[in-house]
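Which chain is which? The protein sequence lines are Z and S, in order.
Under our numbering, the first residue of the first sequence is numbered 1, with each subsequent residue one higher.
Under our numbering, the first residue of the second sequence is numbered 1, with each subsequent residue one higher.
The reader is advised that the hints may include incorrect statements.
[What the hints assert, rightly or not] Okay, the calculated beta carbon distance ranges per label pair: (1) Leu13/S to Arg563/Z: 16 to 24 angstroms; (2) Asn328/Z to Ala124/S: 42 to 50 angstroms; (3) Phe334/Z to Ala110/S: 49 to 57 angstroms; (4) Leu234/S to Phe505/Z: 56 to 64 angstroms; (5) Leu50/S to Ser392/Z: 27 to 35 angstroms; (6) Ala110/S to Thr146/Z: 32 to 40 angstroms; (7) Ala124/S to Val395/Z: 54 to 62 angstroms; (8) Pro259/Z to Gly5/S: 42 to 50 angstroms; (9) Thr8/S to Ile492/Z: 49 to 57 angstroms; (10) Gln250/Z to Leu57/S: 25 to 33 angstroms.
[To be verified] The following residues of chain S were derived to be distant from chain Z, with all beta-carbon distances above 12 angstroms: (11) Leu7; (12) Leu94; (13) Gln97; (14) Arg105; (15) Val117; (16) Leu132; (17) Leu227.
These aren't lab readings, by the way, just hints derived from the structure by calculation.
We put the CB at the ideal spot given by N, CA and C, even for glycine.
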Amino acid sequence: MATVTIADDLTPLHHPKTWIGKYVWSLDHKVIAIQYSLTAIAIGLVALVLSALMRLQLGFPGTFDFIQPEQYLQYVTMHGMIMVVYLLTALLLGGFGNYLIPLMVGARDMVFPFVNMLSYWVYLLAVLVLVASFFVPGGPTGGGWTLYPPQTITEGTPGHQYGIVLMLVSLALFIVGFTMGGLNYVTTVLQARCKGMTMMRMPCSIWGIFVASIMALLAFPALFVAAIMMLFDRLAGTSFFMPAIVSMGQQLGHEGGSPILFQHLFWFFGHPEVYIVALPAFGIVSDLISVHARKNIFGYRMMVWAIVIIGALSFFVWAHHMYVSGMNPYFGYFFATSTLVIAIPTAIKVYNWLLTLWRGDIHLRVPLLFAIGFLFTFIHGGLTGLFLGNVSVDVPLSDTFFVVGHFHMVMGVSPILVIFGAIYHWFPLITGRMWNVTLGKLHFWITLLGVYSIFLPMHYLGFLGVPRRYYALGETAFIPASAHGANESITIAALIVAAAQTIFFANMIWSLFRGPRAGHNPWGAASLEWQTPDVPPAHGNWGPRLPVVYRWAYDYSVPGAARDFIPQNEPPADGERHHPT
Amino acid sequence: MSVIGTLTEKPWLTPGIDAAAIDRPDNDGRPFDPGIFLGVFLGVVTALFLLIASAYLMRMGVHGPLGHGAGDWGAITEPPLLWANTAILVLSSLAFQGAGIAAGRGARRAMRITLIVGGALGIAFLVGQVVLWRELQASGYFLAIHSGLCTVSGDPLAQPADLFISGNPAIAFLYLIMAVHGLHIVGGLVAWGRAIRRAFAGTVPAGLARSVTLCARYWHFLLLVWLAMFGLLLMT
Ligand code: HEM
Ligand SMILES: [Cu+2]
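Next up, chain S with everything else stripped away, as it sits in the complex (with noise of 0.2 angstroms):
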């Protein structure tokens, strides 16, 4: 059903429900298939990384004639481990296709196999980020959450200026967008969790093939978004 044609129909005219439009299934008792969910949701996550990329443009300056940008923007030589962290999520998320493909042809132990190797890879890449957060604290950009909160004395914005994150926002954007980024992977992770669990209990539980599908489908995406935010560290 189109979204016109739904949208027209004219419900006054139409009693009974042998109608042109009243297509409804019974789905009394039916189990209800999560894609939708998901699908709503990654538009949530679209929604939520296209403000952020709209926010690193304009404070880039791109607006330079509409007044933002303050000039300060520099360029950041991304640090090798980027590419490799970006690296493991490629394949990561060629695992997670394999496994879709497995579980749907029923091959159980490629399935667990591809499963449990994606995961890894996801696992993997998380602590390649972490990493990449200590290189980049180690070369004097600090994450200084401790002279925020926690002194209780006099103001933490006062604390002398080479603690914080200062200097190129680029490097700012780069921990927001690794921080957020990273949360999705996690929650990735809890929903691969649930799958892993199933997918080694002793019967093959319903539905299974379908949860290990649309696993995958949020780990391409993912990585679609990792991608794109790649792209806009590099365009600095």
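For reference, chain Z alone in the conformation it holds in the complex (with noise of 0.2 angstroms):
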């Protein structure tokens, strides 16, 4: 398969003239990374906005007209779709993994820079049509974002029509596209590490991504052969997923299909997805403690081992989220039991990251502030996921709102404390701008109290049997007339931390243009991408010549050094042999 590889246009590398070429067709992993996470964002807020008229909706029924039952269906779906994949996956992979990767394992570019950019570029088309389908006649689906057959395409859905087959051409668009950027990030971290960068030497940030960019790989062809599998059955007429039905009075074209195939399809991509999301919020979460506790990450190899198993094992699970599908109650048993095992390695990362934190030399700078906030709502998640793993205690709960309480906290919340955390981290390097400390310890407390106050009560309305993805509760005997005070001051919260968010990005926009200058290094961080040449890194990253790594990552505060950090292209001194741990 002959692309064009680096050595093709190098020369030593292919250095575009125009402003166009350097920013919009850019070949240049930093740039499209930009690209990537500023698309991320924007479709992301897309999203928020969503969620607080979904919110305005719960706390305030009957108060906007314009909120009828559809639209509120069309919300949850678009904003938990969008939430996960084109935000969480579009920025951690296409983001973070553009951006880091060749910086930290000492490359130039990734292996494959025009294979990169067209990733991006259909990715953006894939934003495209899925912002489309907002348009269309009858809007965007309104199916949930699992999109199960047969409802999300008969009739009386919202969007059954238009809405989604734009949905599903739009995720087999993104696959496409993130097929093309996980090829590259793989490749590039086998094949492109300068010399003494081994894969243990690799930062934790690295780790999460190269894992998590492997199970994209083999998750996303799940999704891929669902929707096209749903769009023949749409388009085509065939009974892949329709049984026979009779819609409206009316039987319908189909056959003998089977909705449980599916879901069993969407939730082999589902459940790896969490971690596809999780797995490098992990990685880059221990890198944040680390350098900001100026400690070595505690147990590094077992760090990396468990992000391997949580990666192997979270093909095995998928089913938890079918308990009440009516599946074989075998199987129930043993994807419990597999849901369960996973809580192993997970809590020894988090045991590690505590002992991290403990007896570090610590610096609340507003990066570890996120990073704590996330030991507690990921700790949170973590836990009432216990709860939902088993069969017997998930039977009552689901489908209410303590499902959606606990994977906010899980997969909502605290992947989007490290990415908040991370801007802050890395903004510096990217920009070589600091921020404002004080509208960042700001941005952090309003944040982390909020989605506390937003989420926490949801469990509870989850015990008191509130279902999901209801429009209203109306005349419901088992639910107290509290819930809808809690339904109030959640909806309250949820406005005030939308709001929030505009201190982070006019702390982003004012820093770009005013903020102190950063200069090398300013968080005496070890590990590679920090010692490039030029802050901003220029096109090629490391100058004439690449680096050569000596050290992992993590040598904070060795006894005998001259500084607190000894970055990873500082060969040896004299006589240094061993460290303590």
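Quick one: dock chain against chain with the hints and give me the complex.
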């Protein structure tokens, strides 16, 4: 497969001349990373607005005429899908993966820059198709982000005519685009590490992104197949998923399809997807904690193994999302067991983060605050996950707000907090400027306390039996009036949190132009990305010679060393051999 | 370096680049071998077709005891063209193998000829698939895209049932598999086009032999996938 390799158009590197060549059709991984990130954040803001609209309806039902049941379902669906796929996956892998991999492993760029660029443009196309679905007759699909057939494509579900078609096409495009990027991330880690950079000298961030990319490459095909088969069912009248069904008094042409088959395919993608989002966050948070606590990450090897083991195990737990689907009960037994087994490596990671902080030289800077915030929300979400992993506990809680509270904690808020921390952490490298710290801390506290006041009460609502994806509760005898009070306060908190994000963006834009100069390596980090000759790194990253790596990425507070960190590319001093862990 | 060896390295003990585990070459300015890229990609495609295969088996009802399958699965008599197309693909793969060998030996003429023959047979395969597709349509298994998206008024699903691929789901899978596999062949042809361009350039570019070998590898892989899928279709 002849593809452009760096070597093809190196000599030494292809330097674009025009502004368009530099910032639009760019082959530079750093520019592509920023393109990915900005696009993901832009579409993520749409999802944020949708969540505010949902909350307005739930907190103050009947006040807003333009939110009818159909709109509510469309908001739920688009919010969920955008957040999970188009924001988190794209930002963590397309954004951070692109930016960090070559810099952290000591490469000049991705191995196949052209394919990398193509990846972004296909992603952008996927986003545009998704956005287009808001404007077609009938609006976007309202089938829930899980898109279960038969209801997603039968009459009565909003967007069953065009919205769903655009959604499926957009997902297929996203997967194609991601695959081009993902192949690059994996091969770059395998092939383009600089001299001395063994796999076990890579920072945890890279391990997380690397394993998550492999998982995504293997899991997304399931969604791809499901999307294509559903398109066939919708457009060509096949019956892959559609059973014989009478809809609106009319017998449809379908016969014999299996909706459960769709659920299996969807969750074979859907569960690994949780970890595709979580593993990069795990990796990044390890590095944030280590750098800002001035300590090597506790149990580096265990951290790496845990990432690999979690990645592998997560392909064997998908049916814990299907306990109430009527599948064979023995399945439930198997999947509950495998689900609980994943808790072991996950718990190891949590202990190691805490032990890294233990007696560290802690600098409570904004990135570390977000990392610690992540520890709270993640432990919280992990514990409720133990509840839901058990069949007998899940059955009554299934499809209630307890589930909504759980997954927002564990895969909504937690990765978002890490992403904020990571942006605060790497912004000085990306732009060469520092943030305003006070605004950063304000943003952190409002966000952390805010998300707690949003999602903690949701668990309680779930215990009461408040169902998810309901437009309004109506007259329900078993739900006390206090639930309405909780709903109102959740909504107010959600609006505050949404509004507080303007602090973040204002700070970002202010710093971009007016922030103090960051200079070289402002955090005193040991990993390679901070050791580039220029800040921000220039095209080709490393100047005339690639760096040579002599040590792992966690030499912090080494006894006897001149500074409290030793960069990865600093040769060992005479006689330096072992240092205590 | 074995996977276990890699994963058990103790990076904190070994500053320096002379230590046992450190064997990274200096790769500055050297071309990257696309072999790994292709290898990982083949992994992805394998996952894709394995998933299609498991969907096939599930829908067919081999998991009957677990509640799958609706009993509407029927045997299909394989159209003779299916056999012919398969034979074409085998020949195409053989030609690519020849091109790979010739390229390795530096036999330019032989490589060019076999490369062209291989690609041409690949195109012939695709054409054969399209003909097969039309034959199926002629025998009553419509792929009725036109009655799907483009009917603006009314619900497309309310169209008369005989306009659709109804009845035997095995046929629906046949369409699906042909489409997905065909797209991969098209992708292979793009790479083939690039290789051809380079093979007929004035001077032989470095790395051409490698590209041809990798093309051949991809082609064998697609043949294997096709044979596996064909096997599935025969199982009905
Ligand atoms: C301030 C932030 C957020 C608020 C206020 C919020 C609020 C909500 C609400 C009200 C629902 C619908 C509940 C229902 O009626 O069933 C929902 C669903 C959902 N949210 Fe969020 N959300 C937020 C952030 C996120 C994030 C960051 C993610 C990323 C994973 C996320 C993923 C989802 C998913 C997957 C669903 C389920 C959609 C479905 O049921 O089909 N949300 N969210
Ligand atoms: Cu799961």
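Against the structure, the hints come out as follows:
1. In this structure the hint that Leu13/S and Arg563/Z lie 16 to 24 angstroms apart at CB holds, the actual value being about 21 angstroms.
2. A C-beta distance of roughly 46 angstroms is found between Asn328/Z and Ala124/S, which places it inside the suggested range of 42 to 50 angstroms.
3. Range check, Phe334/Z to Ala110/S: Cβ separation about 55 angstroms, and the 49 to 57 angstroms hint holds.
4. Taking 56 to 64 angstroms as the suggested C-beta distance range, the pair Leu234/S and Phe505/Z conforms, at roughly 59 angstroms.
5. At about 33 angstroms, the CB distance of Leu50/S to Ser392/Z agrees with the hint of 27 to 35 angstroms.
6. The given range of 32 to 40 angstroms is broken by Ala110/S and Thr146/Z, whose C-beta atoms sit roughly 55 angstroms from each other.
7. Against the hinted window of 54 to 62 angstroms, the Cβ-Cβ separation of Ala124/S and Val395/Z comes to about 56 angstroms, which satisfies the hint.
8. For the pair Pro259/Z and Gly5/S, the supplied restraint of 42 to 50 angstroms holds, since their beta-carbon distance comes to about 47 angstroms.
9. In this structure the supplied range 49 to 57 angstroms holds for Thr8/S paired with Ile492/Z, their Cβ-Cβ distance being about 53 angstroms.
10. Remark: the range hint 25 to 33 angstroms for Gln250/Z to Leu57/S is upheld by a beta-carbon distance near 32 angstroms.
11. Once the 12 angstroms rule is applied to beta carbons, Leu7/S is inconsistent with being away from chain Z; the minimum gap is 7 angstroms.
12. Its beta-carbon lying about 19 angstroms from the closest one in chain Z, Leu94/S satisfies the requirement of being farther than 12 angstroms from that chain.
13. Under the 12 angstroms C-beta cut-off, the non-interface status given to Gln97/S relative to chain Z holds; the minimum distance is some 16 angstroms.
14. Its beta-carbon lying about 19 angstroms from the closest one in chain Z, Arg105/S satisfies the requirement of being farther than 12 angstroms from that chain.
15. For Val117/S, the condition that its CB be more than 12 angstroms from all CB atoms of chain Z holds, with the nearest at approximately 19 angstroms.
16. Look at Leu132/S: its CB is around 17 angstroms from the nearest CB on chain Z, clear of 12 angstroms, so calling it non-interface holds up.
17. Separation of Leu227/S from chain Z is adequate, the least Cβ-Cβ distance of about 20 angstroms exceeding the 12 angstroms criterion.
Comparing the model with each earlier hint shows violations of hints 6, 11; every other hint is respected.
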